[in-house]
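Asks: Next come the chains, spelled out residue by residue.
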Amino acid sequence: MQPVKITIYGDYIDCQIYRGRLYLWTFDGKLKVYKWHDLVNSLPMSDRDILTLKFCFLDGNYLYKTELVELFEDEDFKPILLNKFSKAANQRYDLTAQQADKFLFGEQDTPNNLLPTDTEIYSSKLYYITENGLFSSNAHRDSKKYPVSSKPIKLWDCNLLSIKANKYPQLALSGGSEGLYELNMSTEFTNKWNKEEPVQISDKHSSFANYTFWSIYNSSLIDKSYMALFNLIKCPETAPENLYDIYRSKFNREYKELINETKIFEISRNENYLSWGVDDKIYRATDSGFEIVKFNNNPSKDKGEKLFSPIQKLNLHSWKGKVIGGGSSYFGTIVECENALVVMLSNGESTSIEGPITRWRIYPRSLNYQNHLHVIKDDRIEIFSFNQDYFLNQDEKLLGTEYKQKKEWKGGKTN
Amino acid sequence: MPYLTDTELDLTPKTLKKYFVSSAHRRYQKDKSRWTISIDNEIECFVNSQTSNWIEDLVSWGVFQQGNNLLNIGVNPQRLPLKIAKFVDSSGDDIWHGYPADYARNYQDRPGMLVLQNWRERGIIEKHHIIKIRQGKECNL
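If you read the sequences in order, they're chains A and B. Our numbering applies: residue 13 is where the first sequence begins, and numbers increase by one. Our numbering applies: residue 1485 is where the second sequence begins, and numbers increase by one.
Worth double-checking, as some hints may not be accurate.
[Unchecked claim] Calculated lysine to aspartate or glutamate pairs in the EDC-like style (CA-CA distance at most 20 Å, straight line):
#, chain 1, residue 1, chain 2, residue 2
1, B, Lys1567, A, Glu350
2, A, Lys389, B, Asp1515
3, B, Lys1516, A, Asp235
4, A, Lys96, A, Asp113
5, A, Lys216, B, Asp1515
6, A, Lys332, B, Glu1622
7, A, Lys325, A, Glu408
8, A, Lys389, A, Glu82
9, A, Lys389, B, Glu1610
10, A, Lys332, B, Glu1610
11, B, Lys1516, A, Glu190
12, B, Lys1514, A, Glu350
13, A, Lys42, B, Glu1605
14, A, Lys334, B, Glu1622
15, A, Lys216, B, Glu1622
16, A, Lys409, A, Glu350
17, A, Lys334, B, Glu1610
18, A, Lys275, A, Glu208
19, B, Lys1502, B, Asp1490
20, A, Lys236, B, Glu1622
Treat the hints as calculated values from the structure; they're not laboratory data.
Okay, chain B solo, but in the shape it has when bound:
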């Protein structure tokens, strides 16, 4: 059954966290990034983020891989491709939503060091990407 947008989704048994597919990040808006992967893949990215424990308090981070490659997951308002997903539990009630993070333009869209170190250890990114992401510099992820 296809997932619905703007509805609280129960993802058990994959994760006990609930997920809300925000339609605001699925259509063009001048100040918001937009998913370009399917809703199924957005949810898979979220589940992977949670089960991999790429979590910092009420924020978690995700990527979408095909083999060793990181795929584009969305675009920013300037239509530039984005590869890192940010998920937030805004109210602290275990209902999460997410959007493609623009680490180069928004200072709060940068994963912390522990998540980035874990990504390097898993071969998702290389060491030089870590500092570039933390310093908001574009790089070929």
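Bound conformation, chain A alone:
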């Protein structure tokens, strides 16, 4: 199934999408914030396409709902929805910068007047790195003049390569030859890692990192990659008085060990291929294809479960240049090559996006944009929506992160 795509022309260097707003950093130093829903709703579409584009670009979580699984298994209904996605994929949705600007929420100079090396938005805060360090600014503000605060706070002065946040929030900080660090701002986990300053997790080389549940998988383009394994242990001193307290109780996140990729992938030879991990799967791109290992963050010894279980080796034709990056969302796994992005879809198909590519982003931890892939090229941003994953059995798929229904609190008081 082909992805659905929106193209916005312009000279962009970075992008984010968060709570109904699209953030685009332009090469000439502006940060433009767009009303994403209004922009999508302005696209030329018939009444029959409205629902499809909503699923594609505005509410990517909707079709994962448990109640819909039976519907997708229905042999009559499934082709109807697939056909609607295919039809949308055949449409062109192109906007010039001027057309997109009709949906501007606000525009401002880039905070610090310096283009970012990397950005993240979590909990209404923009985190970004420049050669001057790590900064945070309040984002998603009501101000049209400054949708992002123009008074960023400097969190650290290290000249980092990349950052990755999760919901707690914790920030994994890749410092290249300076190693892997973490800034832990979580209020849910209490331990020695909660500091106002970043803590060094390892002095081994770090190109980029991502969270595998509450552990971190560190990827290195220079050296061996590794997992920094953390265990989550319930605090004994916060014994719950009622069920609500169980839901809200604090945990200790305890560092256990660094596990080298040679152990994870059971490599005997001294091979140097890039590997990366996100939540339940760890991937390794070799000359001949792809290796996938399932990560169980809480293995039961009684059941004979292991932390790492190899699940597949895929033989593929060669990559389009050296593999220099990777990531994973529910819809599939992205392999960044020197000359292209290869998207290995969760249904086993693959698609290539030709380069040169300035930057790409996925949003697997967002609430509504898990199916998005944003690709910045020389004169445009292409916003792809992949939609085959809703129709798959999440337990059985080989590629892409396993979608698990969010736990809902049933009973007790809620805020």
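Fit chain B to the supplied structure of chain A, relying on the hints for placement.
Replies: What follows is chain B alone, placed relative to chain A:
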């Protein structure tokens, strides 16, 4: 007259800055990158870096072009080719020295955004190179 290594060189009128050709970056050492271009070209690269104002405090950055191509200027200890030069004024006394920068391996060997933006505006590199350099990813410069 050929330039001497490990000697302070007066480069006026090209630049008022003095330059020190370090012999440590002209022979194989296991932990240092090494120039493979001539000393004359190393100095030309430095002068161009200064006159183009590719300067960040006590550091400046350079490239060596032939037409539209960036030439290899040196190799790292693993003998991989390097194309970006880093010049430093370590003591802040306007006496500079330089070496081929290994942006993929050493986090401090990456030029900042303003220099990279200027290189793109001058057609020296393309936009996609900027993020790859800043994130330490190999690319075909």
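Asks: Each of the hints needs a verdict: does it hold here or not?
Replies: Verification of the hints:
no.: 1; hint: B/Lys1567 to A/Glu350; result: 17 Å, holds
no.: 2; hint: A/Lys389 to B/Asp1515; result: 36 Å, violated
no.: 3; hint: B/Lys1516 to A/Asp235; result: 18 Å, holds
no.: 4; hint: A/Lys96 to A/Asp113; result: 29 Å, violated
no.: 5; hint: A/Lys216 to B/Asp1515; result: 17 Å, holds
no.: 6; hint: A/Lys332 to B/Glu1622; result: 14 Å, holds
no.: 7; hint: A/Lys325 to A/Glu408; result: 15 Å, holds
no.: 8; hint: A/Lys389 to A/Glu82; result: 39 Å, violated
no.: 9; hint: A/Lys389 to B/Glu1610; result: 11 Å, holds
no.: 10; hint: A/Lys332 to B/Glu1610; result: 19 Å, holds
no.: 11; hint: B/Lys1516 to A/Glu190; result: 17 Å, holds
no.: 12; hint: B/Lys1514 to A/Glu350; result: 28 Å, violated
no.: 13; hint: A/Lys42 to B/Glu1605; result: 17 Å, holds
no.: 14; hint: A/Lys334 to B/Glu1622; result: 8 Å, holds
no.: 15; hint: A/Lys216 to B/Glu1622; result: 19 Å, holds
no.: 16; hint: A/Lys409 to A/Glu350; result: 27 Å, violated
no.: 17; hint: A/Lys334 to B/Glu1610; result: 18 Å, holds
no.: 18; hint: A/Lys275 to A/Glu208; result: 33 Å, violated
no.: 19; hint: B/Lys1502 to B/Asp1490; result: 12 Å, holds
no.: 20; hint: A/Lys236 to B/Glu1622; result: 16 Å, holds
Violation of the numbered hints given earlier is confined to hints 2, 4, 8, 12, 16, 18; the remaining hints are satisfied by the structure.
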